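Novice: Here is what each chain is made of, one letter per residue.
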Amino acid sequence: MRQLAVSGLYKAFGAHPVLTGVDLEVPAGSLTAILGPSGSGKTTLLRLMAGFERPDAGTITIGDAVVDGPAEYVAPERRRIGYVPQEGSLFPHLSVEANVGFGLPARQRRGGKVGAMLEAVGLGGFGRRYPHQLSGGQQQRVALARALAIEPALVLLDEPFASLDAHLRASVRADVQEIFRRAGTTAVLVTHDQDEALSIADRVAALRDGQIAQYATPEDLYARPVDADLATFIGDANLLEGVLNAGAVKTILGTLLLDEAAALPDGQVTVLVRPEQIELASGGDGIPAKVTSYGYHGHDAVLRVQPERDADGPAITVRIIGEQRLRPGSPVILRARGPVYAWPRD
Amino acid sequence: MATGTLTERHTEVRAIPARTRRPAALLAVSVLVAAVLALPLVFLLIEAHGAGVSDVNHLVFRPLTGTLLWNTVRLTAVVTLACAVIGTAAAWCVERTDLPGRRAWAVLVVVPLAIPDFVVSFGWNSLWAWMHGFRGAVIVMTLAVYPLVYLPVAASLRGADPGQEEVARSLGSSRLRTFVRITLGQAKGAILGGCLLVALVLLAEYGAFEILGYQTFTTEIFTEFNGYSFAASCALSLVLVVLSLLVLAGEGLLRGRGRVSRSGPMTQRISPPLQLGWTRWPVLALFTALAGLALGVPVASAVYWMVDGQPPLLAGGANVSLLDAAGHTALYGGTAAALATVMAFPVAMLAIRHGSRMRHFLERSTYLVLGMPGVVIAFALSYFTERYAAGFGYGTSALLIACYAIMFFPLALVGVKASLARAPASLDEVARSLGQNRLAVLCRVTLRLAGPGLAAAFCLVFLSAVTELTATLLLIPTGTQTLATQFWSYETNLSYSQAAPFALVMIVVAAVPSYVLGRFFDRSAHAQG
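Going down the list, the protein sequences come from chains A and B.
Mind the numbering: the first sequence is residues 0 to 345 in numbering that gives the first Met the number 0, read in order.
Mind the numbering: the second sequence is residues 0 to 528 in numbering that gives the first Met the number 0, read in order.
Just chain B, with the same shape it has in the complex (with noise of 0.2 Å):
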């Protein structure tokens, strides 16, 4: 090909720059999605702003902010550590040992999760009232947010090369020797990330330090915001952002570079439970008593109020309100979890089909929401419309199901990336020459494939909503009431007899869609391992 030639196609190439095809529409929808996810900091900052710089300058640096500084801080850290130790041995129990029942524990002991973490509080709190402070929160956030440690670490032990555990074993390292370095080491990415979902939960609970009077960075937001202080509910949660994203800093320089590979083909090789021997007996008490505690406590307390208590103030006047509150929570849950979803899926296929940087970019705008507590989102988004934007949008469910969209985009993001990695892109291809266009791909293969996954997305976020307090109390429009706030307002009316119904509801919609996601991502693990 003479030079000549060469240069003539150059000029060719800048005559036509349309030739080379970006995912423009993808890329724009991301973009506009990510904008949306980063509304809530940006309203934070405008409100600050509107505060004045001097004033929440004075309210973040007095007496009050140590105060809540230490108590948040001390919480997170010892529950974390809590949730870690718990999470990890339960895990390696039941995915590494012969532990009797293995397939049963490893149900029962992640149901929990399921169960609002305002609804534990009230189980303990409201039979034995000892049972609050420092000490109960310690106790009742441990039982209910551990699970958040052992699903991912149990996920990493059952996909983890048993390979790498027989090589040390056969270089002379002892058997906890190669536990720390190797097993531990394998599952270290796993449990640091759910030591950060443990940290941020703790920092963003409501409802469960309420009941239980532990006063923490959330509870005053939410105590100033209804007092009608924003200036300083602004500056709490300013110090509440930026307490987050330390958090989630601290997991990132944790976790290092380093990245667990798995050499060889992806053969499932299982290495052989490890025999309890007699030590099973001691295992299986303590079992028993894990499950007991977070699953048989709040479950048994809710039962023997609802059976037990004073009888119901207003005869059959709580049935209607029990439906129709069921009704308002599955409508706002399912929306939103319909909304994240939509949402999530052009991002998600940006990631999963697209450049790196676009990927990186992205993956810090869901930082962004991951760092910011639900009670802020909502405090952000309805000071923000009812001062700046004229009241639009204010007090109506549109507004709620916003925030939770906003708040669960995170979790959605999850699901549907792994589901999309199950619709590889060479298929797409496959069928476009087999004659299809995008739409009919979208339809017959891409969504076809995808399916299950957004199920469990949809299942996820829905899940979560339902199990929604703080950020529906700020929100809720005026005159309805969901499973979670109507349970809240007998609640803090000490009407136990009839909040524990809503409770019970509470916790049969939400362990639903936890045990599709439990089989979902159960099945995944087996597929890709």
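For reference, chain A alone in the conformation it holds in the complex (with noise of 0.2 Å):
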């Protein structure tokens, strides 16, 4: 069942156009993460769907009820909505009890039910702070638990973690997920960060040009991107050429079977290898290839490496794990795996 629906939206700024036609429907108690580079237009979506701003065509919808379209308009502070911008946003001068209970009626503000989310954010017994005596880790979560607290229909939120430091930033995610989870709560999530989007999300809809280009689950999106350019903005991603003939495409790295949902006529094709796709071996069968940079990241490498049959041809990038250390010119042999997705090439 979905509950939030957006169809044939369209926004401009004055001459400049920013959403030409986004449809999409989001299936009730998942998670959903708008992904697209910053200037495309996701937090414009997102405050469209709050109502904050009004689109110029197009319909939204929340559960059963329309909330914007040609004849409709809710007002934001009608449409059940839990917002959650970018810097958490809490009032600077009420305590963090006050906060969370800013959106409900009256007499529940000092009842259990403030109390009752902030345990639930792991925040019990910090209700008579204030927002500055708080870490920047707390702020995001108490900003939750205000959203949270007026038992919305859906949650949005703005970039959320972008102003958290690094090491705060996966502990808070995954305290995130775990507490929607929990409450069984319709999110929508910006960001412009895809590792962020593929780890925290059920499903990510890729936002390119003012319109949805994908939406699909974080596996689907990472192996199976409708085109080149979006396996590009995903991850890592060496773009092959290669002849495909009965499921087997011939490339480079040798011949890989082709993933099945990548229904194909034969010809020749793109071809999509991640950089883990591909092992170096010291020995034995593979593509011979010199090494030409090694970056190193801790928990894993990153590698460049030139096939010694085509040495004009385009680098090809290797993750791989382990600690040795590889010299640009050192010889190495490589291995790729299938299945591997494609697409037609022109």
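What the hints contain is simulated information worked out from the structure, not anything from laboratory work.
Covered stretches of chain B (in silico footprint by chain A; criterion: 3 or more residues with CB under 8 Å from a CB of chain A, positions within the stretch not fixed): (1) 424–431; (2) 434–448.
Pairwise CB distance ranges (calculated): (3) 194(A) - 510(B): 55 to 65 Å; (4) 436(B) - 70(A): 13 to 23 Å; (5) 166(B) - 71(A): 55 to 65 Å; (6) 180(B) - 292(A): 41 to 51 Å.
These figures come from a predicted structure and were not determined experimentally.
Positions of the beta carbon are idealized from the N, C-alpha and C atoms, including for glycine.
Two chains, each in its own frame: build the complex with the hints.
Specialist: Here it is as structure tokens:
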């Protein structure tokens, strides 16, 4: 069952079009990430859902009610939206308790509900404090508790983790995911960080040129992007020329099995090989190549290698786990694993 | 998405233009406020037209205008320069050196702002008769208004990035060169802003120059108006407005397009204060002299006349009148302050929250008022209501209050804008998403956060209205007196001992809001830094 539906949404600021026909259906109880580079219009989309801005055309439906359409407009305060902006935006003049209780009817503001919400986000006992006495991560959790306290039909989060330190981000992200799962909340989160989108969301909507380019599970989006551009946006990608024949693609990395989901006619194709689909061997079968650069990241290492057979072609990116340090110029043997995804090449 | 659907959608857009929301109500109210602000200038032009173009021409181009121009310009130039030097030097010593008792000096140096200029000149002139003419005007006005330069420069030095000075030193620039090129460069905008205020005050001053026997455009307009030479007042007002607008334009040109920017995170890092060493004794002596002359003399003089002067002519009568005058002062000042703050709210809201083109337009309309000296606004309003509006509103307290509200609107706007910057739009949006309608958001969030700043704006206007003399004398309803006008009537009759208590009460009434203001801007500077 869907909880949020957006169809044919258009929005321009002056002569500059931002959204040019967005269609999206978010299932109830799921967490959807809207992923797009900065300036792609993702925050605008979120603000339209919340009702802070009005679209030029299109409809937005929350639950069964049309909240924005040619003939309807429901004000933000009557949409039952839990909104968590980038900086958390706690009311600086109110205590944590008063912040969480802000959207509740006056008699519930002092009841056990506020305490329960704070417990749920792991901040029991912080009620009397003021926002400036909290760390960034704690502020973000209070903002979340405040949004969830009104039992919203939909929670909207605008880059909620962007202002947190890297080491905090992962733990707060996991906490938020857990809180939503337990409450069965339908949520839409906006982010420019593909890592964040893939790790937190049930489904990811990739926003490009004012439209949803693809709406799929993280696994699908990563392994089977709709085109080569999207493949490079979602992560590191090797785009190779290949020839498809009877379910197998012949590339510079050898003949690889084609992903069954890619229903393609035989012929010239562009093949997507992710860096971690390639492994290095010290000998035996494989494609001989030379290392051109080596970047160490601790948990893994990313290499650029040049196949010997194609010294003028594009370098290939490989991700390996291990501690061996490879100097530029070292010879290596490449072995690629299928299945791989491909698109027709024109 | 097929192109067919796209065209379809666009037709739909044309059918429902209401879907793009603009702050229509806010815009309408702001334009109304701007129109009210433009009224004095419009009235003045109508009056000039009514007086006849050739008559006005004749009155503008006569020898008197030349004398007034010379008097006004040379005084403005000398005092502005003196204030720039004293204000900047004092601010630098307080903010950047290890001057003993810096916190106390920061207050003592600013307090003279609370003493009306005409009280300062009364203080000097009543004690020493040689304090008059050009020399007297330069000394008295410099002592009365240098805090207008000190305040913005001190705030700017406090907020400036010490990193820039350190980089300059590391690049081989000497201490003096660094001070001139970096420190003064960072404070340039603040110094110019302060000088602008000083120049505008000088162009608009009446009472102090009347006491000191120094003739400027403003004193002459006043005299002509009281002598019922309306065409002459009108002609001189036009010249004065042009002069003020020239000052405004000059400040804009000097300021240039450069902006002081601060790179990196806005952490408040303070460079270690400069060690004064033995020079702290002469510096301390200069500060003591400054406070003594600017603050000590006027207060001591008022106390002297009250305690030691001739006995009051009417025993007990002055007391009743003091209470009565204080009541009217508070009533007029309070109402005007509330009105100006309310008028500034929508304009500030539009400037802070919405487009930049609107902001420019509205800031220009504020400039229109800044360029209109109080005497001109009062003259335009009173003459217009008497002559063209069939006396509607003439001689009522409403007209005086409206005049105050228009005159001090720019001050209110500064305060309200600063306060709204503390209530960002994102908080309003969160509140609305939590089920609060616009009115509830305004009461529970915006006004709560902007409250202290709104109070500061109110204080700023109240303080200015309490110490205002020129427009008050022209517009005060018959039979009523404020502290300023009652002081003035005693002073002009040379009843110094009766005038003194009014001066002292005015100083006290004005000192309280100035203290509140100082605290507010001090804290907001720290909060931003």
